[in-house]
Each structure stands twice: as C-alpha cells, then as structure tokens.
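Trainee: So the protein lines, in turn, are chains A and B.
Residues in the first sequence are numbered from 15 upward in steps of one, following this note's numbering.
Residues in the second sequence are numbered from 15 upward in steps of one, following this note's numbering.
Keep in mind that the hints are not guaranteed to be accurate.
Identical copies carry no separate label here, and so any pair may be met within one copy or between two of them.
Said to hold, decoys possible - 30 angstroms max Cα-Cα, derived BS3-like pairs, lysine-lysine:
#1 144 to 263
#2 391 to 527
#3 569 to 483
#4 79 to 91
#5 558 to 569
#6 527 to 91
#7 273 to 91
#8 569 to 546
#9 389 to 65
#10 539 to 263
#11 558 to 546
In short, the hints are calculated from the structure, not lab data.
One-letter residues, chain by chain:
Number of protein chains: 2
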Amino acid sequence: MKSQKGRYTLGLDFGTNSVRALLVDIRNGRELATAIHAYASGREGILLDPKNPSLARQDPADYLKGIEVAVRQTLAKAKKADKVFDPSQVIGIGVDTTGSTPIPVDRDGTPLAFHKEFKKNLNAMAWLWKDHTGFAEAAEITALAAREHPEYLAKCGGTYSSEWFFSKILHCLRVDPKVFDAAASWVECCDYIPAVLVGETRPEPILRGRCAAGHKAMFNAHWGGLPAKDFLAKLDPKLGGLRDRLYDKTFTSDAPAGKLAPAWAKKLGLAAGIPVAVGAFDAHLGAVGSGVFPGKFVKIVGTSTCDICVWPSDRPLADVPGLCGIVDGSVLPGYFGLEAGQSAVGDIFNWFVKYVQPGGPVQDSHASLTRQAAKLKPGQSGLLALDWNNGNRTILVDQRLTGLLLGQTLHTRPEEIYRALIEATAFGALTIIRRFEEYGIRIDEVINCGGIAEKNPLVMQIYADVIGKEMKIARSAQTCALGSAIAGAVAAGREAGGYGTFPEAQAAMCGVKPRTFKPDPGNHKVYLELYKLYRQLHDAFGTKDWSGSMYNVMKDLLAIRDRQLT
Amino acid sequence: MKSQKGRYTLGLDFGTNSVRALLVDIRNGRELATAIHAYASGREGILLDPKNPSLARQDPADYLKGIEVAVRQTLAKAKKADKVFDPSQVIGIGVDTTGSTPIPVDRDGTPLAFHKEFKKNLNAMAWLWKDHTGFAEAAEITALAAREHPEYLAKCGGTYSSEWFFSKILHCLRVDPKVFDAAASWVECCDYIPAVLVGETRPEPILRGRCAAGHKAMFNAHWGGLPAKDFLAKLDPKLGGLRDRLYDKTFTSDAPAGKLAPAWAKKLGLAAGIPVAVGAFDAHLGAVGSGVFPGKFVKIVGTSTCDICVWPSDRPLADVPGLCGIVDGSVLPGYFGLEAGQSAVGDIFNWFVKYVQPGGPVQDSHASLTRQAAKLKPGQSGLLALDWNNGNRTILVDQRLTGLLLGQTLHTRPEEIYRALIEATAFGALTIIRRFEEYGIRIDEVINCGGIAEKNPLVMQIYADVIGKEMKIARSAQTCALGSAIAGAVAAGREAGGYGTFPEAQAAMCGVKPRTFKPDPGNHKVYLELYKLYRQLHDAFGTKDWSGSMYNVMKDLLAIRDRQLT
Numbered sequence: 015m016k017s018q019k020g021r022y023t024l025g026l027d028f029g030t031n032s033v034r035a036l037l038v039d040i041r042n043g044r045e046l047a048t049a050i051h052a053y054a055s056g057r058e059g060i061l062l063d064p065k066n067p068s069l070a071r072q073d074p075a076d077y078l079k080g081i082e083v084a085v086r087q088t089l090a091k092a093k094k095a096d097k098v099f100d101p102s103q104v105i106g107i108g109v110d111t112t113g114s115t116p117i118p119v120d121r122d123g124t125p126l127a128f129h130k131e132f133k134k135n136l137n138a139m140a141w142l143w144k145d146h147t148g149f150a151e152a153a154e155i156t157a158l159a160a161r162e163h164p165e166y167l168a169k170c171g172g173t174y175s176s177e178w179f180f181s182k183i184l185h186c187l188r189v190d191p192k193v194f195d196a197a198a199s200w201v202e203c204c205d206y207i208p209a210v211l212v213g214e215t216r217p218e219p220i221l222r223g224r225c226a227a228g229h230k231a232m233f234n235a236h237w238g239g240l241p242a243k244d245f246l247a248k249l250d251p252k253l254g255g256l257r258d259r260l261y262d263k264t265f266t267s268d269a270p271a272g273k274l275a276p277a278w279a280k281k282l283g284l285a286a287g288i289p290v291a292v293g294a295f296d297a298h299l300g301a302v303g304s305g306v307f308p309g310k311f312v313k314i315v316g317t318s319t320c321d322i323c324v325w326p327s328d329r330p331l332a333d334v335p336g337l338c339g340i341v342d343g344s345v346l347p348g349y350f351g352l353e354a355g356q357s358a359v360g361d362i363f364n365w366f367v368k369y370v371q372p373g374g375p376v377q378d379s380h381a382s383l384t385r386q387a388a389k390l391k392p393g394q395s396g397l398l399a400l401d402w403n404n405g406n407r408t409i410l411v412d413q414r415l416t417g418l419l420l421g422q423t424l425h426t427r428p429e430e431i432y433r434a435l436i437e438a439t440a441f442g443a444l445t446i447i448r449r450f451e452e453y454g455i456r457i458d459e460v461i462n463c464g465g466i467a468e469k470n471p472l473v474m475q476i477y478a479d480v481i482g483k484e485m486k487i488a489r490s491a492q493t494c495a496l497g498s499a500i501a502g503a504v505a506a507g508r509e510a511g512g513y514g515t516f517p518e519a520q521a522a523m524c525g526v527k528p529r530t531f532k533p534d535p536g537n538h539k540v541y542l543e544l545y546k547l548y549r550q551l552h553d554a555f556g557t558k559d560w561s562g563s564m565y566n567v568m569k570d571l572l573a574i575r576d577r578q579l580t
Numbered sequence: 015m016k017s018q019k020g021r022y023t024l025g026l027d028f029g030t031n032s033v034r035a036l037l038v039d040i041r042n043g044r045e046l047a048t049a050i051h052a053y054a055s056g057r058e059g060i061l062l063d064p065k066n067p068s069l070a071r072q073d074p075a076d077y078l079k080g081i082e083v084a085v086r087q088t089l090a091k092a093k094k095a096d097k098v099f100d101p102s103q104v105i106g107i108g109v110d111t112t113g114s115t116p117i118p119v120d121r122d123g124t125p126l127a128f129h130k131e132f133k134k135n136l137n138a139m140a141w142l143w144k145d146h147t148g149f150a151e152a153a154e155i156t157a158l159a160a161r162e163h164p165e166y167l168a169k170c171g172g173t174y175s176s177e178w179f180f181s182k183i184l185h186c187l188r189v190d191p192k193v194f195d196a197a198a199s200w201v202e203c204c205d206y207i208p209a210v211l212v213g214e215t216r217p218e219p220i221l222r223g224r225c226a227a228g229h230k231a232m233f234n235a236h237w238g239g240l241p242a243k244d245f246l247a248k249l250d251p252k253l254g255g256l257r258d259r260l261y262d263k264t265f266t267s268d269a270p271a272g273k274l275a276p277a278w279a280k281k282l283g284l285a286a287g288i289p290v291a292v293g294a295f296d297a298h299l300g301a302v303g304s305g306v307f308p309g310k311f312v313k314i315v316g317t318s319t320c321d322i323c324v325w326p327s328d329r330p331l332a333d334v335p336g337l338c339g340i341v342d343g344s345v346l347p348g349y350f351g352l353e354a355g356q357s358a359v360g361d362i363f364n365w366f367v368k369y370v371q372p373g374g375p376v377q378d379s380h381a382s383l384t385r386q387a388a389k390l391k392p393g394q395s396g397l398l399a400l401d402w403n404n405g406n407r408t409i410l411v412d413q414r415l416t417g418l419l420l421g422q423t424l425h426t427r428p429e430e431i432y433r434a435l436i437e438a439t440a441f442g443a444l445t446i447i448r449r450f451e452e453y454g455i456r457i458d459e460v461i462n463c464g465g466i467a468e469k470n471p472l473v474m475q476i477y478a479d480v481i482g483k484e485m486k487i488a489r490s491a492q493t494c495a496l497g498s499a500i501a502g503a504v505a506a507g508r509e510a511g512g513y514g515t516f517p518e519a520q521a522a523m524c525g526v527k528p529r530t531f532k533p534d535p536g537n538h539k540v541y542l543e544l545y546k547l548y549r550q551l552h553d554a555f556g557t558k559d560w561s562g563s564m565y566n567v568m569k570d571l572l573a574i575r576d577r578q579l580t
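All chains, please: the whole structure from these sequences, using the hints.
Mentor: Right, here's the structure in full:
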C-alpha cells in the first residue's frame, strides 16, 4: 500500500526571479527534495524597459519551462535521497505565485505573448507585481472609488495600488489598446499556472483564486464580486466591457482547480489525474506554511515584509485602516485573511551596505556590521531612524514618504547606523502589530519566515525586544512552497490520503525552529521609550492636518526633486 | 635707509596642534617666508586623559619651544628667498592664539606646569579651548547669571560655555584645589605669549587683551570689567578671591604689550626693543587678515566655522540673540567685534568620509565625492540635512542638538548625502547671516578663509548659491598669522615705519583672490525653497514651547544614550 511508503505533495512557488518545486512528506512536513529554476528572460527573469524604470514584465513561457525543469529535478533528487520514493506517491500539487501579476490571454487562455504578432510586445507579457507603470491609473481608481464606492477601498487600506490588477489593465488599455482589444480576458499568474497543469486554460472555466481577486481586484461577496460594471465603465467604457469577460466566482485553495492533465503528467513524470489546488499568492501560502492561525501572526521578512494573520469569518471584524487587504478565505478557508506589510526591510540594510558604504563585499559588510551592532545596547547610539526609504505600506499607505536618520554626532559609527536601521524596521513592525491589536485582533505568537528571519538572529532579537513578544522562526526555510504543498494535500482530500482541512494539514506539516527569541525586559523598556519618539516622528512626518505637522517636508522635497530631474 | 629695503613684521599664530610664524612685507602684504612647528607633547600637541574624553590640555613649554623654532626657520627661509632681507627690517610682532586657553601661573607669571611638583599634573597645564571638563560649571555659571546678571549673558548669546575661562577655572578649583591655590593668577595663552616675549610675565603688569576678556570672561566696561566679585564668590568664595588677582583693564591689539626683550631678541635673531602687540584670538586676527570692516563679513571655514564682523562702537547696536559674543574692540579698535559660528562644518564632511564610509583613503574620498556631488543639481537628491552633528553654536547656542538626514530612498547615493551635508552647512551659514541682517547689520561682502574655503570650490559655490551673495576668498592662505603681522605693524606705529590704524594696514596688506563665486540665480531660487524646509526642521527640532515642537526628540535620545552608556 502507498500509505506505508509515504505520501507526498508538490509545492510550486513562482517567485520574482525563479520557480521552486518542493516535495513534502505530508505526514510530517519533511522536505524530501527541492529544485529551483531561474527564469531565462530579461534581467534575472524580469523584462525591463530602459526608458521606463517603472516597468517590470515577465515572459509566461519562462513559467512553463520552469515547471518542467524544477519538478523533474526535484523528483530526480527525491529518488536519490530516498530509494523507496516513487513519483506515484505524489497525491497533489499546490501553486503559489507573485501577484498581482496579470496576463492578457486569448479566447483559449493562451497568453497573447505566445502569439507571433505580440511576441516582442512587453504589454502582452505578464505584468509583474512590481510593475508601477499604472501609477496614474491607480490614483484615478482610488479617486473614483473614494467618491462613489468608498467600501471598495475600505477593504484594501484606503488606496488602490499601482501594483494591482485594474491599474495595470487600465494602463494597458491607455497605452496599448491593440493588446487590450486582443485580450479575451486577463488571468492572474496564480490562476494561470493551475489552469495550465489541469489542461484547461480557457478564461471561462478557469477557477479564479479568492486571494488574488480579493486582495488586488476589489472582489468581495458584499458587493457581488468584482467592482460594478458602471464603476469600471466610468474609468473607461472598454474596462466596463472587460468585466463580463472576467469572473463572478472565486475559490479558496482547498478546492482543486482540476486534475493534472495527462500531457503534463507525462512531461513531469507524475501520475495523471492528481488534483492541482486553486492557486494563491506566495505570501499567503507562505503564511499557511508558517502555521498561520488565529492568534498566530506571520511575518515574512525579506527585502520587504508581508505580515499576515487570520480571523474567523463568522466573528465581527471592523475595517482596519491602513491594511493592504482584508479578504474572506484568502489565506485559510473560513477565515478572513488580513495582510499588512513594510515596503522595505532588508532592502534598507542592503542600501546602507551597497550604496552608502561601498567599501567591501556586501556579504562581509553585513556580517561585520551585524557583529559590531550586536555589541550595542538599545539607545546607546543616540540614533533614531524612520524605515521609509521605500515609502510606508502599513499603516500610512503612502509611497511618497522617505527615510530619516536623526541623532548622529561626529562620532557616530556605521554599525550604530546599521543598528538604528534595524531598529527602525522593528518599530515599523510594532506599529503594524499595534494597529491589529487596536482593532481587537489578538496576537499570541509571532512566527517569522523569509531570508532575514532565517539568517539574522540580531534582527530577530531586536524585533523581540522592540515588539515585546517572543519571535519564533518557521521550521521550513521554504514556507511558500510548503504552503503550496499543504494546499495540494488539502485539495487531494482525506479520501486520497490527504487532509480534510488546512489546520489539520498544518498540524502535521508545520512547525517552528527550536531556537526562539525572547524579549529582554530591560531592553524592551528602553525600546518603548524610543518607540514613543519613533511614533512622534512617524506622526509628525506621516500624518497631516494638525498644527505642527511636518507632513509637507518629504512631499515638498520629492516635488522639488521631480522638478529638478526633468 | 631701511624703508628702501622693505619693512616687515612677524605674525605668530598658535593653533591647536602647532605654531606658525609668518614674515610679511607690510607695504603690500607679500608673505616672504613662513614656518610651522608642531607641538611635541601628547597626541598632536594635545595632552589627553584616556579616562576623560572631555579633557584637552597643552604643555606651555611647547609654545615657547615653538616660537624659537618657527621664527628662526622663517627668518632663515626669508634670507634665502630675498638676498637683501635683513632681520633688522622686522619692526614688530603680533600674536594670536586659540582661546579660551587659560594657564595657571605663579607670582612671577611662570606656568605652574614648569614647577617640579606640578610637572605631571594635567590641571597645571594650559586648558586648551576644546577642553569641556567644566561643562557642569558652565551650566552653573549660566544659571546663576540668568538669575542675577542676565546682562552678562546678553553679550555672549545667552549661554556661558564650558570652553570658556571661568568654567575651566571653577572646574579646576573643584577637582584640584591644590593647583587652584597655587595659582597666583590665570593668564590666557594670547596674553601669556606676548608677556614672555617682552620679558615681563608677572600677572600684575601683563597687558590683557580685550578679545579674550570680552568674549570668554564676560569682561565689559558697562559693568566695570570682569563679573562682580560677589557673583564669582557665589559660585565659590575662592573664585571671588581670585578676581582680585585677575585684571581690571584690557587692551586692543593696536597697543604694544611691550618691547621685545633682549634675551628673546637674541634667541630669535631679531632686533631687541621692537614692539610686540597685545595678543588676540586666532579667528579675530584671522578676520583682520581677511580685511574685515563694516559691511565685510568674514567666514573662517574649517573643521568648524567662526564668523566675524564689526560694527562702529559709536552707533547703536542691539544685543543680537544667539551670537557667541559682542565685544567692543575685540577685532578692530573702535568697533564692536561680533562673533558667531557653526560647531562643525569640515568635521561633518570628515565624519561622513572617515566614519560612515571607511572604504578608501580619506583624501581620495573627499575628492571623488566632491567630483560626483558637483554633478548634482540643487534639490535633485530629495535630501535635506541639519548641520548639528556637533550641536549648534549660532543661532540656537545648544550643544545638545544632533544631526538629521531626511529624504533618503533605496537609491540614495553617497555623493548625494555628501552634497546634502555641504548644503546643510550652507543653510546654517545663511541662518547666521540672516540673524545679523535682522538686527540691522549690513553685509555687503562675504570674505571666506580657512582650509575649506581654500581647497573646496564646490563648497564655496554652494555657499554662494544658498546665501545669494558673492563668495570671495581672502588672498592669504594664512589669514590668522597675517592678522597678527598686521597687529605688529600697527603696534609699531607710523613713526617706526608701521601704520597708525588697522584699516590703514589692512588696505595695504589684505586682499582677495581673483577667483570669486557668484550665486547662480536659478540655483538660489531652488535653495530658497529648500531653506524654507531647512528652517522648518531647524525650528521644529531646535526651538521649544510651541505646539508641535519636536524639541524633545534629540534631547530625549541623548538622555537615553547617556543613561545607557553609564
């Protein structure tokens, strides 16, 4: 019997630069094998436009190639690692991707990018999450929604982002109507990949994920799904027309998008007919892989952070201002998924090392600065920083904010600045956690994952000391792919040897590392004093309409900068 | 006849680390020869205490050795440079020194440091200007004066500094009463050197300079000279007692302190009996050497700045708040000398290069950062900084202020920060100039001197663009020593072939370099916009008692720092 030999699912994690496959033993979460395939096109997988720094696209062909290479390599490694492993033991597949990364497709669901006539057209490619070309359209959507449908904005922090679905599509319509007109529909990457695997990519039958729809396309059952047709038509009549070619229903990732198509089964060396779960975003399935549950707050800490928690859908929940999104079922079915985030964390440390201090090799500099910074006591440098070098995602939702460093003397050393920057991101993290708690969302545990959580114990200790809660680290170093594997196990269902629900699967497959970071009460006390000052700066420079507000300063500087640069 | 062969005076400039002698042709200011002697003791001439970073002392023996070496070398060089030069053509000597740098002396005027019993006692040495050990005593003096004699403070910006005469002496009294008790009097370095040269060092007959007395010892004719005996006695009865052993009269530098003593004439190879001018501080005679006159504002721009201007003593002048001092005759006899300054200028650039960016050799980094920074337009970096890394001397008179950098993104480059720091010092300079102008002091010309003015055209151009006035550079690279030589020529008087007044001497001996820096009107306009924002930060963090003031932030951080460091 298969069950005696073990049961496995595959998680496919489509990141910004590469795709990872991870083979997981669903009985215990053991990661049997993994492989990465870097996208071949563009710069590190991203198609750029030298004339437009806001543009970031991807060739969907890279995704398809990536599935094949990464899965086959993973299975080959698994066979080497475990002689009794057999691909027939793989009972399900889950998929997570970046987002919002919409792809214009034809009536068959084939990306326009695959058509000869659009082969070299960047607008026919996948519009990568970090593409900001639609910033003007985002402002337009925000303004219209604020006037006519404030409820649309209430669920996504009050501002519709240039990174999101309709900003990108409306921008395409404006700058390249040929592509827009040729598109039968637009499909999120996380919906496209499962559709490909199950062999049914036509827009109509595709099962669209709740996560992408709810967080990026203002989809909500309260107002009957996507934004109203007349709302979209006011932005552009053609956009109103597109609504009929999008979707009315969405699905959570416990549902199978379908069964693995024979052609793909053959290509990958898997059994045909195993379920492929409905796709979701990387951060959301990363939270699942970290064991997210009411009371368990997950921080994915890397170049930026994504903070995720859940709240039972049947319990009252106010619209928490400043969040990136509140979506029923976006993380776990039956729970609101709440998303927040910091626009830059590791990116700020990298900026300091690479740009301000271009002395030595970046890795060494991080290590040596961390070593030196670890010797400092909280507050002993006299420094305080704001973590806004890339704007503020939560709770201010304002990209037009910039960094601040204060307190430097003639003796201030680089490791003191480095530590102040770490502390600034910790204060930013505390601000987010407090916002959740202010709205009644209980946080008992903080589970961290992502590159910085994995690699930098000093950052984790400072987060514990600042936030005043124990910091745990997810056991898996690949929580996104693990979350996808969990979705695959739930989509497979109990009958097929999988799990009936996410919490069941998480109980078996997730865990935290033995080493945790407990707050030092003395340090926490000092940090609370410093946080008071951080908050004073935060409110002075980040909020307006009060006497003494310094809100204008960063904005005015950016306005002068933009004028001087043109 | 001597006059056909030329007439010369010697300027002796006692700096922080070395003494310079400069031989100047008084007919035209030509600098015939110069030599420097570095003080031998301590670290770069400064005696330090590893246990107390506030302490900075000097061995007066280094000064005496320095006179001999520097003057003899200068004369030797002069003979080589000009075959007809003869030391008998030297008709006077002027002296400038750092200050307040008081020296405890015995009844003969011999420094206690020369006594066997005090030979190794740092408290018996010269208390160098940058010694801050008396910071608690300074606060005590300020508090008492604010209560009982606010007029004392009105002439020195409202705060009595730890760098000044009575703070140091009171501190000595507190920590080392043996030295205090042994001291017959305390003599400023700028008064001690001329006394040595004229062979009469006894405290009583020494001619004390107006400059040191007025700027650092609260000496003012309005209240009968030094602060009242009962005022000093309230600080400590012994300090009240010392007042009788100090002085009641002070002199401007057109007066001779006496004639060169035969013993010293022999030692130096000069004619005995030539006049030695009353001494003054380096910055003040530096202003003289730069051609200071009503309407001509002198900036000595180095690691910090000293800004000096003069105003006719017979014309009304309000107490300008925030200045370092307003003293009748401290720069030119018959004029108020007004002193302001910035606590750090070049020191901030050095801090950035040496501490924040310890990549390459310091000189190269300055040069390459300057090259890169020169390519930027005003405002294009989006950065704004406050120049308070070493506190703010004028106009806030507050050492407990710290630096601030604002506007950084993930793309901010070091040359942008470097330029922002230069601009911050320019905004600080503009703030000082505006303060003078607000109180009716006309400024037609800005004449710069000092290391940065000499070496960095980018800084000068930014100063012109920010301040909106043409920046001129003093012709001499040694304006302090030149100012002393001018004092020597005036002390010699017309009869001896010198000059009757300072302005006469300046007209002949001073000038500016042909290259000046004119403001670019477009840049000035942008800088005025940026200055508005600088001023907003300046007032928010630097002034208190208004709603929205951020005055507490830097103070609170320093308080936390000080607590964490102990």
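Trainee: Of the numbered hints stated earlier in the document, which are not met by this structure?
Mentor: Hint 10 is the one this structure does not satisfy, whereas the remaining hints hold.
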